[in-house]
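There are 2 protein chains.
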Amino acid sequence: MANQRADLSEVFYALADPTRRKIVSVLGRGPETVSALAAPFDMALPSFMKHLSVLERCGVISSRKEGRVRTCELVPKTLSQAEQWMAKQRALWEARTDRMAAFAEQLHQEDISRGKRQR
Amino acid sequence: MANQRADLSEVFYALADPTRRKIVSVLGRGPETVSALAAPFDMALPSFMKHLSVLERCGVISSRKEGRVRTCELVPKTLSQAEQWMAKQRALWEARTDRMAAFAEQLHQEDISRGKRQR
Chain A
1 MANQRADLSE VFYALADPTR RKIVSVLGRG PETVSALAAP FDMALPSFMK
51 HLSVLERCGV ISSRKEGRVR TCELVPKTLS QAEQWMAKQR ALWEARTDRM
101 AAFAEQLHQE DISRGKRQR
Chain B
1 MANQRADLSE VFYALADPTR RKIVSVLGRG PETVSALAAP FDMALPSFMK
51 HLSVLERCGV ISSRKEGRVR TCELVPKTLS QAEQWMAKQR ALWEARTDRM
101 AAFAEQLHQE DISRGKRQR
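From first to last, the protein sequence lines are chains A and B.
Under the UniProt record's numbering, the first residue of the first sequence carries the number 1, and numbering increases by one thereafter.
Under the UniProt record's numbering, the first residue of the second sequence carries the number 1, and numbering increases by one thereafter.
Looking at chain A on its own, in the form it has when it is part of the complex (with noise of 0.2 angstroms):
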């Protein structure tokens, strides 16, 4: 998943829950055994699990098994690619609001020579 283009209707579901959002914060101060990232949630294991599987399957974390302990990570550059998404739209809009007022100072600017000449 790491490799590939996140789908980003499923990254933004798996970010659209507080619990979800928290998993993510503590991973991103490093790997974390399932049973250390559990342990704060007020939360039966096998819902805390789903929680995971859901960022899991979108390519938000990834987790590993050595024995019976498995650990889970951050793969930043999913992240990175839904935040690319949001900037692009701000850019796009921030843009338009660039060009709206390049073109409110050339009004400006014609008003004024306008001005000059029927003195």
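Treat the hints with caution; some may be incorrect.
Which copy? The list can't say, so a pair holds if one copy fits it or any two copies do.
[What the hints assert, rightly or not] In silico SDA-like pairs for lysine to any residue, Cα to Cα no more than 20 angstroms straight-line:
id: 1; residue 1: 50; residue 2: 16
id: 2; residue 1: 50; residue 2: 39
id: 3; residue 1: 88; residue 2: 26
id: 4; residue 1: 77; residue 2: 29
id: 5; residue 1: 65; residue 2: 26
id: 6; residue 1: 22; residue 2: 105
id: 7; residue 1: 77; residue 2: 16
id: 8; residue 1: 88; residue 2: 72
Source of the hints: derived by calculation from the structure; they are not laboratory data.
Note that the structure is predicted; figures quoted are calculated from it, not measured.
Given the coordinates of chain A, work out where chain B should sit on it, guided by the hints.
Chain B alone, transformed into the frame defined by chain A:
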């Protein structure tokens, strides 16, 4: 909504749908009336209005009505708050990766000077 802190669960949920992301992309190019927005979508107007309502409720877009015409526009500040949350998690992760690289470099330098002393 534009001046409040966005509810990230609602914002990410709103963006977890390809139709709603397409609406956001179109509005990045400038405000649009509901009928112009709806035209390219092969969807009944009530379903389309539901998508707009999800986007408006969480502050990703705003709308105003003049006479019978409703116009929508993007609220870039809301997207920016969601972007900042993701950027923060990545920054945490990257800072940790940098600290690990620095630590590995320190061990390496210690190995080198130990090697020199032993020669």
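Evaluation of the provided hints:
Taking CA atoms no more than 20 angstroms apart as the test, residue 50 paired with residue 16 passes in both settings, with 14 angstroms inside one copy and 18 angstroms between copies. In the homo-oligomer, the alpha carbons of residue 50 and residue 39 lie at most 20 angstroms apart inside one protomer (15 angstroms), although the nearest pairing across protomers, at 39 angstroms, exceeds that limit. In this assembly of identical chains, the alpha carbons of residue 88 and residue 26 lie at most 20 angstroms apart only when taken from different copies (12 angstroms versus 27 angstroms within one copy). In the homo-oligomer, the alpha carbons of residue 77 and residue 29 lie at most 20 angstroms apart inside one protomer (16 angstroms), although the nearest pairing across protomers, at 27 angstroms, exceeds that limit.
In this homomeric assembly, residue 65 and residue 26 come within 20 angstroms of each other (Cα to Cα) only inside a single copy, at 19 angstroms, whereas the closest approach across copies is 44 angstroms. Taking the closest pair of Cα atoms, residue 22 and residue 105 never come within 20 angstroms of each other, the shortest separation being 46 angstroms inside a single copy and 31 angstroms across copies. In the homo-oligomer, the alpha carbons of residue 77 and residue 16 lie at most 20 angstroms apart both inside one protomer (18 angstroms) and across protomers (18 angstroms), since each shortest distance falls under that limit. Taking the shortest Cα distances, residue 88 and residue 72 sit within 20 angstroms of each other only across copies (19 angstroms), while inside one copy they are farther apart (30 angstroms).
Checked against the numbered hints listed earlier, the structure breaks hint 6 alone; every other hint is satisfied.
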